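Could you slot chains B and C onto chain A? The hints should help.
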Amino acid sequence: MVDQAAVLADRVWSRYSRKEQFIRYGVYLATLIAVVWALQDIDIFWPWVWDAPNQIQNLAVRMWPPAFNTWNEIFSAMLETVHIATLSTALTIFIALPVSYIAAQNTTPNKATLWLGRFILVSSRSVNTIIWALLFVAIFGPGVLAGILAVMFRSIGFIGKLMGEAIEEIDRRPVEAMQATGASKMKVVLYAIVPQVMPAFFAIIILRWDINIRESTVLGLVGAGGIGVLLQGSIDLFAWQTVATILLAIVVLVVLGESVTSALRKKVI
Amino acid sequence: MLEITNLVKRYGQNDPVLKGLDLKVDGSSVVSIVGASGAGKSTLLRCINRLVEPTSGSIKLNGNELVNLRGSELRHSRRRIGMVFQGFNLIDRLTVMENVLSGRLGYVSFFQALTRRFPQADINRAFHLMERVGIAHYADKRADQLSGGERQRVAVVRALMQEPEILLADEPTASLDPKTSQQIMSLLQRLASEMSLPVLINIHNVTQARMYTDRIVGMRHGQMIFDGAPKDFNQDALDAIYGGIESPDEDNGEPDTADDHTQGALV
Amino acid sequence: MTDLKTAASGAPTRVWKKPPFIANPWIRYGLIVVTLSYLYWAFATLPFDWERIAEGLPRAGRIFGGAFPPSFERGGLLWTGFKESFQIAFLATLLGVSLSLPIAVMAARNVAPLPVYLLGRTLIIVSRSFHPVIVAILFVAAVGFGPLAGILTLTLYSIGFVAKLLAEEIEEIDWGQVEAMRSVGAGYLKMLIYGIFPQIMPRQIGLAMYQLDSNLRASAVVGIVGAGGIGGTLMNAFGRYDYDFAFAILLMIIGIILISEAISGWVRKKVW
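Chains as they are written, first to last, in the numbering used here: chain A, 1 to 269; chain B, 1 to 267; chain C, 1 to 272.
Chain A on its own, in the form it takes in the complex (with noise of 0.2 Å):
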């Protein structure tokens, strides 16, 4: 066995064709370029990145122990926090069902309104959460309502997008079945397309619910409600104890978010 291979002359294997190593050599070297460009060009300052370390760990210890003495203050700015998500996400339904509707291919009225639909998708999702707090502080001041239409403004793109995929994914045979009758186009709307996508409503509504939950965490930042506020403001005076229990009430309330969501979908689905 061996001594037959020993006789054939040395063959060449390589994993790669010349082609594809050319290619594969091109991918590394740019990545390569591209990271020393952004190394040396971007604004950093290197010996801090060295320091960072000790400064993570300095913040970390300023942090011990949490102080608990402002807690119903705490609390109540949760309680904001989770009315924003919640009024938000309920009010977002309303606008964020006939955009879907427009913006799904087969239920859509005409081309027009298609490629509207999709514009009011496409920049609602573009724009952050806080991008859009941004905009709405700088309209209607600090406050809850910059955060719930913020929220609102970004859910939109969210729950019409995904609502818009599962009108698409429909089965048509009911929808021909309810035309045959002679039904109208609600009235087909109603009969065959709502019960069809009231699932995947349901279980996009809970799952946007959750992210909106986290979503308001950090709205107060941009000076639009919530516990965000009251996170920005101890920071600001560098009440480390304090922020310290704010983090931890944010983990709660998300770990919460979640076992409801999760408690909500067994129900649902």
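It should be emphasised that the hints constitute simulated quantities derived from the structure, not laboratory data.
Bear in mind that the values here come from a model prediction, so they are computed numbers and not experimental data.
Backbone N, C-alpha and C define an ideal beta-carbon position, used for all residues, glycine too.
One should not assume that every hint holds.
What the hints assert, rightly or not - Across the chosen pairs, the derived CB separations fall in these ranges:
1) B:Gly12 - C:Leu39: 53 to 59 Å
2) A:Ala67 - C:Tyr40: 57 to 63 Å
3) B:Ser72 - A:Trp50: 53 to 59 Å
4) A:Asp10 - B:Ser72: 27 to 33 Å
5) C:Val15 - A:Ala112: 33 to 39 Å
6) A:Leu79 - C:Leu118: 30 to 36 Å
7) B:Gly12 - A:Trp50: 50 to 56 Å
8) A:Leu237 - C:Arg74: 30 to 36 Å
9) C:Leu119 - B:Lys141: 24 to 30 Å
10) A:Asn72 - C:Ala44: 48 to 54 Å
What the hints assert, rightly or not - Pairs of lysine-lysine residues, derived as DSSO-like cross-links and limited to a Cα-Cα distance of at most 30 Å, are as follows:
11) B:Lys231 - B:Lys19
12) B:Lys24 - B:Lys60
13) A:Lys187 - C:Lys18
14) C:Lys18 - A:Lys266
15) C:Lys164 - C:Lys269
16) A:Lys267 - C:Lys83
17) A:Lys19 - C:Lys269
18) B:Lys141 - C:Lys270
19) C:Lys269 - B:Lys141
20) A:Lys187 - C:Lys269
21) B:Lys60 - B:Lys231
22) B:Lys60 - B:Lys19
23) C:Lys270 - A:Lys19
24) C:Lys270 - A:Lys266
25) A:Lys185 - C:Lys270
26) C:Lys164 - A:Lys267
27) B:Lys141 - A:Lys19
28) C:Lys270 - C:Lys83
29) A:Lys111 - C:Lys269
30) A:Lys266 - C:Lys164
31) A:Lys267 - C:Lys18
32) A:Lys185 - C:Lys17
Just chains B and C now, with coordinates in the frame of chain A:
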């Protein structure tokens, strides 16, 4: 020579799957192990290369005890034991050649494995074996693009790349169509005699066991109840092994779900 | 036919009502009451500053009046901001994704022993528990204003997402390939390289591209709290009432996000 004495395997607190099994395989014989699903065939093979930890007993390969090996000793003994699986177990996203060369992983260094810089001798051996089973022209194809029979050939070559002292085959034809499975069986038979390699084959198909192997071992409920030449494997033996369980002569035997694919702790 | 008609007209009227969505009437009406009282409670307790809100509409008019046409005059500032955002996103993705691989292996129950698994899971949970903006403020407080805080934030953010999904992917691999590698006598690392990494590679690249895209989005946001990049420029423009410049930045952000989404989608499709 493989010598198994009083092998016991028990999962948790359940009834043992292997109940004190003795088996001796010497020279270059092809031995088939037949038995119904759950009889312990798959567990037996996996105990030999220790993918499954035996509960007690002894397994000796050419005089070396395998049961108590650990770490690198275990890996060194594993590379002397080739294995072919029912589901081929190829690395789907790598090329045929890489799959074949992966049979050398127990020999090459980590750096060589990472960069695919295998020794020239291994590459020569790989080409030679692939030509022997007729898959050399697929060397740079991805493994998941091959047909079932071709994939099993790759798996056989991978096992042979280990320069094994024994070859284990766990239902090597159960995922193949009848014609291809005959080809694979006769390939295993010829390779065994060419390389004077003992081969242990778990098999459902009794007809093929009779045709392609020198010796048949029948198992039931974790015990050996038949051991003899194919010509002695008569209806009585068949009834004893499969009696009241299922029709044995089905071409596409059900995969052994009972004792397959146990995700044991990694060694 | 006639039978049916007479049956329909002659029979006594029978009642049919759509069965309610929630069968138990107590729960059904209870839910309505709870919802209404929640709404009342929430609106009553939330501090709305109606006087200030009433000024909103004229203000909105002023803002959008000032925002049109968007001003791209300060192109230099725009360019530096976006460049820094991109650098932050790129470095954080590279760092985050390469750290994610070992953490994912640690956090996959089928390849990691229990203590290592718990450590890996903890790392992932810690990096997931806060919104990146909160992480960014903490890093800004610890290491000062600038892109370093941004890079640290988004690295953590990437680990939380990529390592989690990668660990789940490892837990779902085809175990046969691992078994085959063990049967040829490969050690742990060789088993990882041959038995596991090829299986998770497409997912890994897909996640990396996805993460680059989402880090680019997030880098615009963490800048608002001082972690470098275009977000800081945007915040300043809002602060100085330069709405035309702010609007230009917003348009650029939207444009760049759309482009990066398209590119990352294309690469992910290619690799699959």
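Quick rundown of the hints versus the structure:
A C-beta distance of roughly 55 Å is found between B:Gly12 and C:Leu39, which places it inside the suggested range of 53 to 59 Å. For the hinted restraint 57 to 63 Å between A:Ala67 and C:Tyr40, the CB-CB distance of approximately 34 Å leaves it violated. Range check, B:Ser72 to A:Trp50: about 39 Å between beta-carbon atoms, so the 53 to 59 Å window is missed. For A:Asp10 paired with B:Ser72, a C-beta distance near 30 Å keeps the hint of 27 to 33 Å intact.
For the pair C:Val15 and A:Ala112, the supplied restraint of 33 to 39 Å is violated, since their beta-carbon distance comes to about 45 Å. Checking the proposed 30 to 36 Å range against A:Leu79 and C:Leu118 shows it holds: the Cβ atoms sit about 34 Å from each other. Taking the beta carbon of each, B:Gly12 and A:Trp50 are about 53 Å apart, inside 50 to 56 Å as hinted. Checked against the given bound of 30 to 36 Å, the beta carbons of A:Leu237 and C:Arg74, roughly 34 Å apart, stay inside it.
Against the hinted window of 24 to 30 Å, the Cβ-Cβ separation of C:Leu119 and B:Lys141 comes to about 40 Å, which falls outside the hint. Remark: the range hint 48 to 54 Å for A:Asn72 to C:Ala44 is contradicted by a beta-carbon distance near 19 Å. For the hint linking B:Lys231 to B:Lys19, the alpha-carbon distance of about 27 Å falls within 30 Å, and the restraint holds. With a CA separation close to 10 Å, the supplied pair B:Lys24 and B:Lys60 stays within the 30 Å bound.
A distance of roughly 16 Å separates the Cα atoms of A:Lys187 and C:Lys18; the hinted pair therefore holds under the 30 Å criterion. Annotation: proposed proximity of C:Lys18 to A:Lys266 holds, straight-line Cα distance about 25 Å (limit 30 Å). In summary, the hint linking C:Lys164 to C:Lys269 is supported, as the alpha carbons are separated by about 22 Å, within the 30 Å threshold. Annotation: proposed proximity of A:Lys267 to C:Lys83 is violated, straight-line Cα distance about 47 Å (limit 30 Å).
As the CA atoms of A:Lys19 and C:Lys269 are separated by approximately 21 Å, the hinted pair is consistent with the 30 Å bound. This hinted pair checks out: B:Lys141 and C:Lys270 have alpha carbons roughly 18 Å apart, not beyond 30 Å. Among the hinted pairs, C:Lys269 with B:Lys141 is consistent with the structure: their alpha-carbon atoms are about 21 Å apart, no more than 30 Å. Straight-line distance between C-alpha atoms of A:Lys187 and C:Lys269 comes to about 39 Å, which puts the hinted pair past the 30 Å bound.
Distance hint between B:Lys60 and B:Lys231 is fulfilled; the C-alpha atoms sit about 29 Å from each other, no more than 30 Å. A distance of roughly 18 Å separates the Cα atoms of B:Lys60 and B:Lys19; the hinted pair therefore holds under the 30 Å criterion. About 17 Å separates the Cα atoms of C:Lys270 and A:Lys19, which keeps this hinted pair within 30 Å; it holds. A C-alpha spacing of about 36 Å is found between C:Lys270 and A:Lys266, which places the hinted pair above 30 Å, so the restraint is violated.
With a C-alpha separation of about 41 Å, the suggested pair A:Lys185 and C:Lys270 falls outside the 30 Å cut-off, and the hint is violated. Of the supplied pair hints, the one linking C:Lys164 and A:Lys267 holds, its CA atoms being roughly 26 Å apart against a limit of 30 Å. The hinted pair formed by B:Lys141 and A:Lys19 meets the criterion: a straight-line CA distance of about 16 Å does not exceed 30 Å. A C-alpha spacing of about 27 Å is found between C:Lys270 and C:Lys83, which places the hinted pair at or below 30 Å, so the restraint holds.
Annotation: proposed proximity of A:Lys111 to C:Lys269 holds, straight-line Cα distance about 28 Å (limit 30 Å). With a C-alpha separation of about 22 Å, the suggested pairing of A:Lys266 with C:Lys164 holds against the 30 Å cut-off. Note on A:Lys267 and C:Lys18: the hinted pairing holds, with a Cα-Cα distance of about 21 Å set against a maximum of 30 Å. At roughly 23 Å between alpha-carbon atoms, A:Lys185 and C:Lys17 fall within 30 Å of each other, so this suggested pair holds.
Hints 2, 3, 5, 9, 10, 16, 20, 24 and 25 from the earlier list are contradicted by this structure; the remaining hints agree with it.
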